[in-house]
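**Q** Spelled out, the chains give:
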Amino acid sequence: MEIKSQQKPLMLRVEKKIMESKEFATLFFKYPLPFIPGQFVMVWIPGFDEKPYTISFHDQDGFAITIEAKGLFSKKAITLDKGEIVGIRGPFGNGFTIHQNKRVAVVAGGCGMAPLAPLVETLDQETIFIQGARTKEFILFPDRFKFEPQYCTDDGSFGHKGFVTDLLKASISSKKNIDIVYTCGPEIMMHKVFEICEASKIPCQVSLERYMRCGFGVCGACVCGKEIVCKDGPVFESQTLRNMKDFNTKALLKSGKAVDLPDYFSWRCK
Amino acid sequence: MEIKSQQKPLMLRVEKKIMESKEFATLFFKYPLPFIPGQFVMVWIPGFDEKPYTISFHDQDGFAITIEAKGLFSKKAITLDKGEIVGIRGPFGNGFTIHQNKRVAVVAGGCGMAPLAPLVETLDQETIFIQGARTKEFILFPDRFKFEPQYCTDDGSFGHKGFVTDLLKASISSKKNIDIVYTCGPEIMMHKVFEICEASKIPCQVSLERYMRCGFGVCGACVCGKEIVCKDGPVFESQTLRNMKDFNTKALLKSGKAVDLPDYFSWRCK
Amino acid sequence: MTVPFIGKQLKNRTVLASGILGNSKDILERVHEQGCGLVTMKSIGPEPRDGHKNPTVIDLGCGMINAVGLPSPGYQDMEEEWAELESRNFPVNASIYGGSVEEFQRVAKFVSAKGPDFIEINISCPNSEKHGMLFGVNRQSAHDVVSAVKKVIDVPLIAKLTPQAIDIGDIAKACQDAGADAICAINTVGPGMVIDIEAQMPILAFQKGGLSGPMIKPVAVRCVFDIYKAVTIPIIGLGGISTGEDAIEMIMAGASLVGIGSAVRYRGINVFEKVAREMDEWLLSHNTSFKEIHGAAHQQN
Amino acid sequence: MTVPFIGKQLKNRTVLASGILGNSKDILERVHEQGCGLVTMKSIGPEPRDGHKNPTVIDLGCGMINAVGLPSPGYQDMEEEWAELESRNFPVNASIYGGSVEEFQRVAKFVSAKGPDFIEINISCPNSEKHGMLFGVNRQSAHDVVSAVKKVIDVPLIAKLTPQAIDIGDIAKACQDAGADAICAINTVGPGMVIDIEAQMPILAFQKGGLSGPMIKPVAVRCVFDIYKAVTIPIIGLGGISTGEDAIEMIMAGASLVGIGSAVRYRGINVFEKVAREMDEWLLSHNTSFKEIHGAAHQQN
Ligand SMILES: Cc1cc2nc3c(=O)[nH]c(=O)nc-3n(C[C@H](O)[C@H](O)[C@H](O)COP(=O)(O)OP(=O)(O)OC[C@H]3O[C@@H](n4cnc5c(N)ncnc54)[C@H](O)[C@@H]3O)c2cc1C
Ligand SMILES: Cc1cc2nc3c(=O)[nH]c(=O)nc-3n(C[C@H](O)[C@H](O)[C@H](O)COP(=O)(O)OP(=O)(O)OC[C@H]3O[C@@H](n4cnc5c(N)ncnc54)[C@H](O)[C@@H]3O)c2cc1C
Ligand SMILES: Cc1cc2nc3c(=O)[nH]c(=O)nc-3n(C[C@H](O)[C@H](O)[C@H](O)COP(=O)(O)O)c2cc1C
Ligand SMILES: Cc1cc2nc3c(=O)[nH]c(=O)nc-3n(C[C@H](O)[C@H](O)[C@H](O)COP(=O)(O)O)c2cc1C
Ligand code: FES
Ligand code: FES
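Protein chains in written order, with the working numbering: chain R, 1 to 270; chain B, 1 to 270; chain U, 1 to 301; chain H, 1 to 301.
Chain R on its own, in the form it takes in the complex (with noise of 0.2 Å):
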């Protein structure tokens, strides 16, 4: 029997927080964390409340999580100072598979540019990049990474006006042969990113969001279809997205009511 080690929070302080914009915010730790790119950790606030956060940054001393303001819990996170405790269980899930050699497209919508930040660093071959967000203010991580991203912002500031999926399209009728894609961002887009890859035979990898609890595959809170998010996933591959009727489709309220997408939404965002 692997009975894992103990996992209660790890409590640990804000080493730095850089706000990105007026609403995202990262804050690093010092910590040496095992680590594949996509796994995320549950992030207690101390008589708050606790969520799951993507590493967003990852070496041998430390990491970091990036959060984007939403509701009561990233707005509360965000407040965080240097020096203020959290309590950290993880990491989970199983991340991204990573292809060296392959030619690889990641494309990334918003806030899910956190798990695809790490992904990108490992990559050595020519890769196509594809960020978006809703203004210029909102793109993260500029500057960071080696391959210069193509840009997207749903109002024209920065880089094409529309979609990354626009952007993505074009690449895959120009240059032949991308062999994976990894994406990451709103789940509408994801699932348009999906059917793009799918049209044209490309392997996908999304990363998805759903309520947790556990983090472990225990409680059920995260289940989308037959599969498992925190434990099977957060990333998925093609061939279990093509089953998995719930993408795009339905996710469970903390109640464990099934409700159509947008309604989870609505509920998470409100």
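Check each hint, because a few of them may be wrong.
With a Cα cut of at most 30 Å, we get these calculated DSS-like pairs of lysine-lysine [stated by the list, open to error]:
1) B/LYS51 x H/LYS53
2) U/LYS274 x R/LYS8
3) R/LYS201 x R/LYS51
4) B/LYS70 x B/LYS161
5) B/LYS82 x U/LYS291
6) B/LYS161 x B/LYS82
7) B/LYS250 x B/LYS169
8) H/LYS114 x B/LYS254
9) U/LYS53 x R/LYS75
10) U/LYS114 x R/LYS254
11) R/LYS8 x H/LYS291
12) U/LYS53 x R/LYS245
13) B/LYS30 x B/LYS161
14) R/LYS201 x R/LYS254
15) R/LYS75 x R/LYS250
16) B/LYS22 x B/LYS161
17) R/LYS22 x U/LYS53
18) U/LYS229 x R/LYS82
19) U/LYS291 x R/LYS250
20) R/LYS146 x R/LYS169
21) H/LYS114 x B/LYS250
22) R/LYS16 x U/LYS53
From the derived model, a few chain B residues whose C-beta atoms are all more than 10 Å from chain H [claimed, not checked]:
23) LYS70
24) LYS169
25) SER171
It should be emphasised that the hints constitute simulated quantities derived from the structure, not laboratory data.
No experiment lies behind these values; they were computed from the predicted model shown.
Beta carbons: idealized from backbone N, C-alpha and C, even for Gly.
The hints should help you fit chains B, U and H with the ligands onto chain R, whose structure is shown.
**A** Okay, now just chains B, U and H with the ligands, sitting in the frame of chain R:
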């Protein structure tokens, strides 16, 4: 925190039984137990009782215990046949400190041969080896060792008629320079050996017996003065013995009542 | 090769514990596919309930502590799931809870009409203010709720008990007398509390939570042993089972089926087929059968 | 530098749990020398008792299970030990048990005259047929035994409680109302049972036994938390403490002193000085004090 490995009884089948005499049996088990000469195991006969026994034989693949039929448990134990199952916990306690290159005397009385046998087998140097028994029939492990013991019996049926202490004294006065004495046997005998050693300023190690429950220093059943026999012992050195006011004087009954040693042994042996 | 259990045939003796995964038909189906004989739904309540804030589930190494707080869409708001379950090809145990005898009865009646194979009444949950546990520590209230529910359902009734009862055998007997068809034991132990000393506060948002996993197995085995002495109806033994040997131990204590919850964490979702296979292997290598070892630990008494 | 406790000064906040080693003056003295603030004697009963047959104590890895069965020479047959204890230079807590209020009272009166520093009444032992536990699960009987004992002793009275009580805070309050000077919590959890599947029988000769050690800490912390809410007298927090951090956790739950039992196995007989030092180091490194963290986990409520 160094939590030890699980110590539930390990269920083992009797691999072989040797009747050493009509009241002594050696039970062999096939299991690679870690071991230092002098250590003991708790032996559980399911549905019956559990008692401590010294390891009397040990190699890479297995070990054995040698039991003298005295009371309820030991009389039952020597009837166990090949294939019957017993539970083993341990090994427990501190064994003998073995000094190679020193001039060693080993003094065994009756079943006290059990812990000393594996000790003798580790010795390369010339050794004074004294073994006493009630009668010839009760001499344990003849022909087992490369050293020929000096024997004595109560009735003179084999070797010297008299006590092991006579032979020890003789050795000390004839041959000089015994560096250390190891002894096990009736407590009164061990105490005499200890006194002889003290008089000649020879360090001594004795192996004590007390009623035991846990075997690992928690329940207190086996305390002897300030020492916990199962954990600090069962082997004690001269320095500790000098301050151990219950050595050869007192022991606790099952109820925890401290009684004089003859009362303890008459309880045990009746 | 199948296992009979109150008139149904199960593919083996493993049962998915309530509150573990069982949140939708899809996942219940997957658990069944991965070797589980009988899947139990997450407990269904009388009202929609979000459960507690996080943290709700924490792994402690030897087991876990949880205070999920009985989240439920409420029995009336699960039409889609019931519809999906109708076309299932596997047996389902529907767990329910309530805050009063009347609530238990109302939920049970509604759920029974949806055609689960069994209804399990959770009279043992420590993680909410008023639901469940009180019924499970008192012989009279246990009797009352079982007989009230029994009247309004037409599927077999399983009563799920708490180890917090002073005499769990007596509670089980009261359930049997009131018409229960089987006993499921145990729910979580405690409650317990884990305080984070840096934060200086309990880690769980609800402060207290129930203990599960390997560390509660001795309590679960003792409870099943006591219940087996007290009743003649079958027992689902549950609490800390992770391996085939654990399951065999539970069967020797008196269990007919063995529930598995926390071990999904420790051995994966296919723990069911692993445990079922390990049980079979153990029986084979010991040249014995379920029937011979069932309750065997009682023999010497 | 010393710690006041009901009118006495202790050298630190660690307490030797009853039933661990405390079988003679010599060994109590050694435990004291190895850093223990207050040593508790093995529970003393009304009659001589051998306790149960072996196996009586088994290590399970995350803790242990025991059914020693309250062996005792009986209060009348310990003259030598009392005589030795008279010349002691360390404080002693004498634990006692009985099968009835009258027995508790008789033992307590006799023991009190022997001059221990405290008397702890064990109304919580799960390992005998009739002794102790029943008093600890019922508010009225807890009250009766405490007030009866209180009348006949002239040293402070500590009531030792069982986690098996449905509402341990309520039991503690009953003890306080009846005159208890402190609460000690908890005794072992369960009981539990471990069946050996090869032998097909419970390993402990008494079949059932109480659980102790790391695995029961969450239950102990929750009990101390509940008791702290309910009473104003000091609490000896006990159950699963092995490290200074465990002790700090217990103090945040509300304990004034911390008891240590099973950890003697895991960290040696000098676990007391280790835990005391680790507590001090933690307080120092966090620039805080006992007073500041005592009951701190209650703050947010
Ligand atoms: C694997 C994974 C990785 C993630 N990584 C990131 C990341 O890197 N960065 C990031 O920013 N986010 C990430 N998320 C999302 C993150 O976990 C949070 O969901 C997000 O921060 C929003 O949380 P919130 O509490 O602030 O807001 P919300 O989820 O919107 O929740 C709060 C809002 O929901 C409403 N609400 C709460 N409870 C209820 C209820 N019971 N009924 C009705 N309404 C209710 C409230 O009105 C409130 O306004 C990730 C999620 C997952 C699953
Ligand atoms: C570390 C250690 C190592 C040991 N190694 C060995 C070894 O290698 N070989 C060996 O033979 N022995 C060894 N022993 C001794 C062994 O553990 C047993 O004590 C011995 O076998 C006798 O046990 P018994 O039950 O047969 O007899 P007894 O201990 O004599 O006990 C049974 C008798 O005691 C009486 N009795 C039992 N309970 C009570 C009671 N409550 N009140 C009054 N009377 C009672 C009964 O009348 C019965 O006749 C060792 C002991 C220790 C501590
Ligand atoms: C996260 C979690 C949620 C649970 N939810 C429920 C529940 O809703 N209803 C119920 O009857 N039991 C619930 N339980 C208890 C389990 O069904 C089971 O009785 C307990 O966990 C012991 O089994 P285990 O040791 O195999 O986990 C829950 C347990 C856990 C760990
Ligand atoms: C072997 C053993 C014997 C015990 N005997 C007693 C006893 O006689 N009286 C008592 O009040 N508690 C007794 N206990 C309970 C302990 O005092 C303590 O309450 C319990 O073990 C929890 O603490 P721990 O986890 O630190 O061991 C005993 C515990 C053990 C392990
Ligand atoms: S969060 Fe509990 S199963 Fe995924
Ligand atoms: S036998 Fe328990 S302390 Fe030695």
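**Q** Look at each hint and say if it fits the structure.
**A** Verification of the hints:
1. B/LYS51 x H/LYS53: holds (10 Å)
2. U/LYS274 x R/LYS8: holds (27 Å)
3. R/LYS201 x R/LYS51: violated (35 Å)
4. B/LYS70 x B/LYS161: holds (24 Å)
5. B/LYS82 x U/LYS291: Since the Cα atoms of B/LYS82 and U/LYS291 sit roughly 28 Å apart, the hinted pair holds (cutoff 30 Å).
6. B/LYS161 x B/LYS82: Violated, at about 37 Å.
7. B/LYS250 x B/LYS169: Distance of about 26 Å is within 30 Å: holds.
8. H/LYS114 x B/LYS254: holds (23 Å)
9. U/LYS53 x R/LYS75: Given pair U/LYS53, R/LYS75 holds - Cα atoms ~16 Å apart, limit 30 Å.
10. U/LYS114 x R/LYS254: Satisfied, since the Cα-Cα distance of roughly 23 Å is no more than 30 Å.
11. R/LYS8 x H/LYS291: It holds: about 26 Å lies between the C-alpha atoms, which stays within 30 Å.
12. U/LYS53 x R/LYS245: With Cα atoms ~28 Å apart, U/LYS53 and R/LYS245 stay inside 30 Å; holds.
13. B/LYS30 x B/LYS161: Violated, at roughly 38 Å.
14. R/LYS201 x R/LYS254: violated (36 Å)
15. R/LYS75 x R/LYS250: holds (26 Å)
16. B/LYS22 x B/LYS161: With Cα atoms ~22 Å apart, B/LYS22 and B/LYS161 stay inside 30 Å; holds.
17. R/LYS22 x U/LYS53: holds (27 Å)
18. U/LYS229 x R/LYS82: violated (60 Å)
19. U/LYS291 x R/LYS250: violated (45 Å)
20. R/LYS146 x R/LYS169: Within the cut-off at roughly 23 Å; holds.
21. H/LYS114 x B/LYS250: holds (23 Å)
22. R/LYS16 x U/LYS53: Status holds; Cα separation ~27 Å.
23. LYS70: Holds, because the least Cβ-Cβ distance between B/LYS70 and chain H comes to about 16 Å, which exceeds 10 Å.
24. LYS169: holds (32 Å)
25. SER171: holds (35 Å)
In terms of the numbered hints stated before, the structure departs from hints 3, 6, 13, 14, 18 and 19, listed from lowest to highest.
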